[in-house]
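Participant: Listed below are the residues making up each chain.
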Amino acid sequence: MSDEKYQAISKAVTEGEDIQTGELVKAALDASLPPLEILQKGVVDGITKAGELWKANQYFLPDVILSADAFKVGMEVLDPELKNTQTGPSRGKYIIGVVEGDMHDLGKSLVVALLTSAGFEVVDLGIDVPMDKFVEAVKTHQPTIVGLGAYMTTTMLIMKDIIKELSNQGLRNNVKVMVGGVPTSQEFSDEVGADAWGRDALDAMQKALTLVGG
Amino acid sequence: MANPNLEMLHGMLYGKGLRFGQPSGLARVIAAMTGDHADVVPFQGPQIHDHAMTVAKVPARKYYWDADLLVDVHLAVCRWYTFDSVTVIADAYNLEVEALGAKMIYSDYAMPTVDVSDPLIKSPSDLEKIGPLDPSKGRIPYGIHAGQLCIQKAPGPFAGGFFCSPWSLICQAMGYPKAVRALKRDRAFAQALFDWAENQAIWPYMAALRKAGVKNANGADAWAAFPELTPELVIEWVVPSAQRLRERGKKELGMTISAGTAAGDYCEEDVTKFNKEVMFKCWDAAAMTFPLKIAFSGMGRTQEWDMRWLQEYAIKKGEGKKLPIMASMNGRFMRDSTPEQIVAKVQEYIDIMGRDGRLLLWIGNVPADTPPINVHTAVKATRVLGKYPIAKDLTKIIVEPPQFKPFDEWLKDQPEADIIFKAREK
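Residue numbers (our numbering), protein chains in the order written: chain A, 1 to 214; chain B, 1001 to 1426.
For the record, the hints were derived by calculation from the structure and aren't laboratory data. Warning: the hint list may mix true and false statements.
When the alpha-carbon atoms are kept at most 25 Å apart in a straight line, the in silico SDA-like pairs for lysine to any residue are as follows [said to hold, decoys possible]:
#1 K1426(B) - P1004(B)
#2 K207(A) - Q1303(B)
#3 K133(A) - Y1106(B)
#4 K1122(B) - E76(A)
#5 K55(A) - V1271(B)
#6 K1412(B) - I1397(B)
#7 K207(A) - T116(A)
#8 K1122(B) - V77(A)
#9 K49(A) - Q1303(B)
#10 K1276(B) - E52(A)
#11 K164(A) - K1057(B)
#12 K49(A) - R1181(B)
#13 K55(A) - K1057(B)
#14 K1178(B) - L36(A)
#15 K49(A) - K1122(B)
#16 K49(A) - K1273(B)
#17 K1057(B) - P130(A)
#18 K176(A) - R1248(B)
#19 K11(A) - W1203(B)
#20 K1178(B) - Q58(A)
#21 K1178(B) - K207(A)
#22 K1273(B) - P130(A)
#23 K164(A) - S1107(B)
#24 K1184(B) - K164(A)
#25 K1184(B) - E76(A)
#26 K160(A) - K1122(B)
#27 K1178(B) - G107(A)
Restraint-style ranges between C-beta atoms, simulated for each label pair [what the hints assert, rightly or not]:
#28 K1129(B) - P80(A): 32 to 38 Å
#29 E165(A) - D1126(B): 24 to 30 Å
#30 D161(A) - F1020(B): 52 to 58 Å
#31 G170(A) - D1126(B): 37 to 43 Å
#32 P80(A) - D1284(B): 45 to 51 Å
#33 Q1341(B) - N174(A): 47 to 53 Å
#34 L29(A) - D1186(B): 25 to 31 Å
#35 K26(A) - S1125(B): 54 to 60 Å
#36 E191(A) - P1415(B): 51 to 57 Å
#37 R1061(B) - L82(A): 54 to 60 Å
Just so you know, even glycine gets a beta-carbon here, dropped at the ideal spot from N, CA and C.
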C-alpha cells in the first residue's frame, strides 16, 4: 500500500504534476508514512527518474522544469515534517548563493533541492549576493562547502574575488568552494581556485558528496 | 567610407567565380553566403558586447546607456580584431521589459539584468495592467539611437537595430519556468503572452525604430535555443510568432523584422547526450527563422561536436548546392583554450567544412574575460588556413602567433579614441 503511494508521488513528480504531487504527499503524511521515506521513495525517486529521462534525451528542459516544479511543491509540503524528523547524520552544512549582479536562480534552486535530498543542511543566501555576505555567512555558519553560482560572463569573475577574500580572512582552508552556472567551466574553476565545478545540478550534488567523502 | 552596395556586388561576383580585386570583409561574407567562396574563409564579427566593454575598459553604467559609446567600442574592438563584419548588440534582452517597468539590477561592471525574483508578469491578470510600451521610456531611445548609428557607421545588409524576440521577452517578463509552463499547460495564456509581447511590447519599439530611419531589426531569442525549447515547441510557437512580426513589419512599416534569432540553436552541454537526429531537427527549426537558408551553429558546445554532421546537414538540405555554414567557435572554448588549441580547432573546421566553400566562422558570444590573443589567434589562423584553394594537408601549414598592438596603443590613432578614453574617466 505504501509502495503504491510512493510510486504515485514519484510518477506525479516525474510527469510534472505539481498540484497532484502536493496532494499525494499530504495524503501520505496523513497516512502516517515516514517523511524520510516519502522523500526518498517518492519525491526524490520522481526527480531522479526525470533526470534519467533527461540524460536519455527523452525529456527536455521544459519537461524537467515541470518535474522540478512538482518536486518543489512536494518538498514544501514535506519540509516541515522533515525538520521534525531525525534523519541521521547530516552530510554537513552547504552555503549557496548567486553572486552579486546576477539574478538567475533556476539552476541554484535545483542544486538546493538535490543537496537537501542528499542530506546536506543547505543555507541558501539567495541571488545577487555581495561578497561580504558570503564571507560573513562562512564565518557565522562554518559550512563544509560554499557554492557560488553565476549566469553571466561578467558576474562570474567575482567568484575569484570571493575565494581570494576567503583566503585573506583565513577562512579558505576550512571550507571547500564549488562554482557553477552556465558560463563556468572546469578550466574556469581551476583558474579561480575552486575545489570543484558543478556542470549541472546533479553533477553539483555528486561533486559535493565527493568533497565530503560521501 | 566604402560603398557597401559595391562591396556586396563585388562579393557576389567573386563568389560566382569572377575573382578580381581584394574583397572587403563584407564582400567575403557575401561571397561565402551567395556564391562558392571568397579569397579566404570569412571571420564574422560575433556578439561581443561584454568582451568589447572589458577590452575597452569602459564602465558598464556608461556603456549600456550611451549608444555612441556602445557602437564606437564595438567598431573599434571589431576592427582591432580585424573581423570581416561587425555585430553591434547591447543587453538586447532587457530594453523592452525595462521600459515596461520590470525591476532591474544595475552594476558598474556588468550589463543590466532583470530581477527575476520580482517579475513583471506574475499572473495572467498582469497582462491587462501592463500598457503598451512607450518608446520614450527606459533605454528604448538608446536602442533606437544605436540602430541609427549602426546604419551610419557600419552600413550594409545586416546593419540595423536589435530587440528581444517574443519568446525571450516573455521569459524576461515572467521567468523561464513559468513561461514554459504556460506553453506546456495553458495554451490560451501562452497565446495571450505572445500577443502581448508582439503587439504591446515589441511593435511600438519597431515603429519607433522605423520612424528613426532604421529599416532592419534583429531579434535575439536565446531562450528559444535547445534545450530550453525543443524544436517542436520552436516550430509551434516561435516560428509563427516570427512570421507574424515579419509580415506585419513588411506590410505596415516597410521594415524587415527578424525575430527568433538563435531559436533552435543546439546548445546541449552534455557531450554524452549529443544526438545527430535532434541536432538536425534543431537546425531545421532554426532555418525557419532565418531570412536566408543557412546551416548554423551558435552558442553550443561546438568544440565537442562532430562537425561532419553540420557539413552533412548543409549538403543534404542544400538541394544540389551546399547551404552556407555559419560555424561558431564556442565562447568558453575561446576563453579557456591555448592559442595552439584554437589553431587546431580552426584547422579542423576548415578541413571538414571549408574545402568546398560556403563556410563562415565566428565566435558564439565572446566572454568578457577572454584573452585577446585567443581571438586574434582565431582570426589569424582562419586567414592563414582558410586561404582558397584550401591546402591539401593543413597540418603542414604553420600559423605564426598573431602580431598586434595592445588595444590602448592601437586605439590612440583611431577615430573612437576620444570617446573611449573619456568614458574611462570617473
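Participant: Run the structure past the numbered hints and jot down the numbers of the failing ones, going up.
Facilitator: 1, 6, 9, 13, 14, 15, 18, 19, 21, 22, 24, 26, 29, 31, 33, 35, 36 and 37
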